[in-house]
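S.K.: Chains Y and C, in that order, give the protein sequences. 0 is the number of the first residue of the first sequence in numbering that gives the first Met the number 0; add one for each residue after it. 0 is the number of the first residue of the second sequence in numbering that gives the first Met the number 0; add one for each residue after it.
Computed cross-link-like contacts, DMTMM-like style, restricted to lysine to aspartate or glutamate with a CA-CA straight-line distance of at most 25 Å:
no., chain 1, residue 1, chain 2, residue 2
1, Y, K129, C, E111
2, C, K65, Y, E152
3, Y, K133, C, D107
4, Y, K133, Y, D240
5, Y, K137, C, D230
6, C, K168, C, E156
7, C, K146, Y, D52
8, C, K137, C, D231
9, Y, K216, Y, D226
10, Y, K146, C, D107
11, Y, K129, C, D127
12, C, K65, C, D52
13, Y, K129, C, D107
14, C, K65, C, E55
15, Y, K65, C, D107
16, Y, K194, C, D52
17, C, K168, Y, E55
18, C, K65, Y, D107
19, C, K65, C, D53
20, C, K137, Y, D231
21, C, K1, C, E27
22, Y, K133, C, E126
23, C, K194, Y, E50
24, C, K65, Y, E156
25, Y, K168, Y, E203
26, C, K137, Y, D127
27, C, K129, Y, E141
Hint data in this document are derived by calculation from the structure and do not stem from the laboratory. As the structure is a computational prediction, the values presented were derived from the model and not from experiment.
Read off the chains here:
Number of protein chains: 2
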Amino acid sequence: MKYELYYWPGIQGRGEYVRLALEDAGAEYTDIALLSEARGGGVSALRRYLEGDDVERPPFAPPFLKAGRQLIGQTANILLYLGGRLGLAPRDAAGRLWTHQLQLTIMDLVAEAHDTHHPIGSALYYEDQKAPAKRRAKDFRENRMPKFYGYFERVLERNRSGAPGMVGKRITYADLSMAQAIAGLRYAFPAASRKALRATPRLEALHDAVLDRPRIKRYLASKRRLDFNNDDIFRRYKALDG
Amino acid sequence: MKYELYYWPGIQGRGEYVRLALEDAGAEYTDIALLSEARGGGVSALRRYLEGDDVERPPFAPPFLKAGRQLIGQTANILLYLGGRLGLAPRDAAGRLWTHQLQLTIMDLVAEAHDTHHPIGSALYYEDQKAPAKRRAKDFRENRMPKFYGYFERVLERNRSGAPGMVGKRITYADLSMAQAIAGLRYAFPAASRKALRATPRLEALHDAVLDRPRIKRYLASKRRLDFNNDDIFRRYKALDG
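When you get a sec, could you build the whole thing from the sequences and use the hints?
M.R.: Written as structure tokens, this is what we have:
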């Protein structure tokens, strides 16, 4: 199967969680928005599915994945679909549901990280919501981030297989996503991350184990991997790191 | 199978999406927190799973469901599990993924509705974030709510089965959740809801069709159904309805 990934160009965003799974599995895929408009790419390709009258099951927002004739939206849903196919989820139904549950919790963390710089509205500029952003970021650093990190650390602790991942012996897509979230939070909140990770050594080790996987390493060093930047979900504003 | 639902007492919250599915299917379930502490209920029963050292796969937050020995967290994940078992999801894999995708988008809408009254932090009082709440609610009413409603109206339009639901001929758990979200938004934003629903007649008809289902009707008239209230996700603050 050759997959087509549809996501906004120029940022990692939520598309990155899908990319990491595809890259780690060595799957064949095209990042459609990176093709030229002439070759059917660019933002027009996304809009065709978001706005086209003939799309029977339209996604609400990118990322979405085309797999044959199937169009799949919602990041965690895409990974639920890909997990088994790419060997990045357990084989048993209960294990798959648990992996998906972790992924949904990671997506909640990511949404809250985003809202630190956009607490009032995602369509408004950061500059127009700096004061509430500072307050929300404080709550995120002091309460939410430690709560999420503490939770995932407990999950790692209780995976009795002794593996570095959260579910069973093998790395899952949720582990790849967790590593990406940690990396993003490190970019956005370097001081708060240092503090949080000191208390969650298993989480830091998971991050390192994922970044050490050969295909992930190769991907991160490639031109396909975009840098973290301040148009993205994770943003580095000094005022928000306390 | 006799299910056990774990959710905070006193509010509908995210537990309500699970309750509606269980009620519509006539499933046997116990709302554990409503039992007395002496009978193993109350908030202690929740805390046992949230904080207990011996829980192998702990949920991050309520709601969670016990089904036999399986413990399942994250609202949309619980419904993914229950959907097929309760006859509230299509039989084919693509249809199930699509239903789940819609559910995840509904959960995004619900999270945004919550953040209108808590844009700074969910652990702080509304009274301490009234000014940013007013700004966020304005953005929600004017941009986000119409965007979500417009999206779901298109989804209904494109369900060519002619049924009132979003997926195929039969009502799914996503339809039940959609009706609950519409009802909640009507409570919280009566004026904005009137305006939004005028533009989305199919969505209003879906809401009415769900509330007209015999088991849902009976549930809503029962003592098991709590009223909307201002400790809940959907809150009626006059200042936030514009």
